[in-house]
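Asks: Residue numbers (the working numbering), protein chains in the order written: chain Y, 1 to 183; chain V, 1001 to 1426.
Warning: the hint list may mix true and false statements.
Stretches of chain V that chain Y covers, calculated by requiring three or more beta carbons in the stretch to come under 8 Å of a beta carbon on chain Y [claimed, not checked]:
#1 1011-1017
#2 1321-1332
With a cut-off of at most 30 Å between alpha-carbon atoms, the simulated BS3-like pairs for lysine-lysine come out as follows [as the list claims (entries may be wrong)]:
#3 1301/V with 19/Y
#4 1276/V with 3/Y
#5 119/Y with 53/Y
#6 53/Y with 1276/V
#7 1325/V with 147/Y
#8 1041/V with 57/Y
#9 3/Y with 1325/V
#10 3/Y with 1358/V
#11 62/Y with 1381/V
It should be emphasised that the hints constitute simulated quantities derived from the structure, not laboratory data.
Remember, predicted model here, so these are calculated numbers, not experimental data.
Quick reminder that beta carbons are idealized off the backbone N, C-alpha and C, glycines included.
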Amino acid sequence: MDKQQLIEGCCKQDIRSQKALYDWLHPQMLGVCMRYASDRDQAQDMLQEGFIKVYNKIDTYKGVGAFEGWVRRVVVNSALEFLRSQKNNSNVSFEDESIMVVDHRANAQDELQAQDILKTIQSLPTGYRMVFNLFAIEGYSHEEIAKELGISVNTSYSQYHRAKALLQKIIESEKKTVVKTAV
Amino acid sequence: MGDLNQNNDSFEAGMQGMFSGLEQTADAHVWNNIEAALQQKSNRIIAWWWGGAAAAVLGAVLSVSLFNGGPYYEPRISNYKSINDLDYNACPDSSVLEWSNNPSDNTREHVDQIEPSSIHESNIDPISQIAVNTITDHLPRVVDSKEGQKDKVMKTSFTDSPESIDKMSIAGIELAWNADSLIPRDEQIIKVYDEDEIDWQGWDEKDYSDWGIAANLGSSNSSEQSTSTFGYQSEGLTTQDNSMAFGMSDQRSILQELTYLSPFVVGVRGNWRFAKRWSIESGLSYSLLPTVGESFTNGDKRINRYNDHFIGVPILVNFNVIDRKRFALYTSQGALIEKGIASRNTITTYQGSEVESKQISKEPTQGWQIGASVGVGAQYKINETWSLFVEPRVTSWLLNINVQDNIRNRQAIWPTIDLGVRLNLD
């Protein structure tokens, strides 16, 4: 079953096509969700909501651009919506606050891995995490982020740079550790 | 990793590179939950389809039963004698002089009370030899009466063989109805005047305003019509005026049975989506509203077919309940506005089973009809621009302004099924 057949099958609500699409793309999309979530369980909830939206909206895919990119956008939007929906129950705040980041480097002797930075990102407050992901990884502008999240451009800008400075500090610290160990 | 904090661009690029290949396998329960949600949705869609299909079938059954059940007013007429039952030849002394199928009219009671002897005492000839040929002298048209009322008046003359004319003294028939007060056609009364007592020469020379007054006179009840002069008074004229102007001594009414046929509507619609699920729809439609009137004279039949033509504009707001790439299920609500543009009246006269004559008259039609309408529809998109739709809907024609009676204002609610092609402008 090629990609086009897969898409057409999903448009027809064919469960085998839907499963095949899930098997194909869900590992990448869970990787995306992991960056927005605070832990794996939350990421899997996001993934579930995201794929249901993909199946519901797949007939709006016009064939313009890569299909994987379209799925990713739907999943990202679903993740943002998921976080916003929890706004009342948790602490999705864009106010300035001190960032308490847990250093998740399990082994200082190893080179800093993506998983370590991922865990650091996950420990950011939700608002910071959303802004960081959208700007640094998804490539949104601050104007677009402000519009998407309903915040000011300045808030987006300041939160991103605070998160970035923190991550850079951790990365620098790790770099020194690696050099010292090598010596 | 060392490049991450060299400068802003390299930091973001490093992040993107780091996470671009990040993949994780989800637990099995995630797909199970997705599958369950999809199944639930599928069941909902099936329920919608069945519901839509049931509504369509119900609409179709209602439409067929309403439109094709024979003469529309037969149930009402059935309380009275049908014109078919009148046997002029068999009962010259008891001819029914007036008839109406209007249940609110007390004509029937009155007619029953007319004794044959009273007819003779009034020097009224029986209608046993009523004329069989008709000539339409004037097309129906709306005229202004002196009371500022608009009446629609048509004069038709009967001709017959010379011996019949001698016997009957039947001179003419006036067919009249009031266009403003929505007196339906099935309440029209054909009045027969005695030739000897009507100055038809002068009548023909009168302008249409006088014709309108004549129509008002004719709408009176029949209790006085068997006397030698008018015993009633129309608005704006005294009894004496009436008598002097027309000199009528008798009116005899013959029922015209009307059948309202199914409207035929075609049109184009454009749809513009202004929100995710909302759209505005408008277009242009043409409606043909046919009505068939049958009257019987002396066993022969005359059929009037009125074809009223309207141009309409729907103004609808649609809400998509289900919106897929090819298919949409939606509700539709709004107004339908129609303007009368023309009317064509075909009069076919039969002698026995043979067509004796056929006349066609045309006239411009004025007036507006405005209806409120709601419905549900299913749409299949052929491509980005065009789609097919089916819409069971109900419409209530709330306003009829200067429109003669037709099927649209015979009943409060009309169910229809609209089929068509839609132009998608979004």
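Asks: With a cut-off of 30 Å on the C-alpha distance, tell me whether residue 1276/V and residue 3/Y pass.
Replies: Since the Cα atoms of residue 1276/V and residue 3/Y sit roughly 28 Å apart, the hinted pair holds (cutoff 30 Å).
Asks: Checking one constraint from the list: CA of residue 3/Y to CA of residue 1325/V, max 30 Å. Satisfied?
Replies: holds, 18 Å
Asks: Check whether three or more residues of the segment 1321-1332 of chain V sit with their beta carbon closer than 8 Å to a beta carbon of chain Y.
Replies: Per the Cβ count (3), the hint holds.
Asks: Does the structure keep residue 119/Y and residue 53/Y at a Cα separation of 30 Å or less?
Replies: holds, 27 Å
Asks: Is residue 53/Y within 30 Å of residue 1276/V, Cα to Cα?
Replies: Answer holds: residue 53/Y to residue 1276/V is near 15 Å, not above 30 Å.
Asks: Are the Cα atoms of residue 1041/V and residue 57/Y separated by 30 Å or less?
Replies: holds, 13 Å
Asks: Holds or violated: residue 1325/V with residue 147/Y, Cα cutoff 30 Å?
Replies: Roughly 28 Å separates the two Cα atoms, so the pair holds.
Asks: Can you tell me if the segment 1011-1017 of chain V counts as covered by chain Y, using C-beta to C-beta distances under 8 Å and a minimum of three residues?
Replies: holds (count 4)
Asks: Compare the distance between the alpha carbons of residue 1301/V and residue 19/Y with 30 Å, and conclude whether the hinted pair is satisfied.
Replies: Between residue 1301/V and residue 19/Y the Cα gap is close to 72 Å, so the pair fails against 30 Å, i.e. violated.
Asks: Holds or violated: residue 62/Y and residue 1381/V, Cα atoms, limit 30 Å.
Replies: holds, 14 Å
Asks: With the threshold set at 30 Å, check whether the alpha-carbon distance from residue 3/Y to residue 1358/V stays at or below it.
Replies: violated, 69 Å
Taken one by one, the earlier hints fail for this structure at numbers 3, 10, listed in ascending order.
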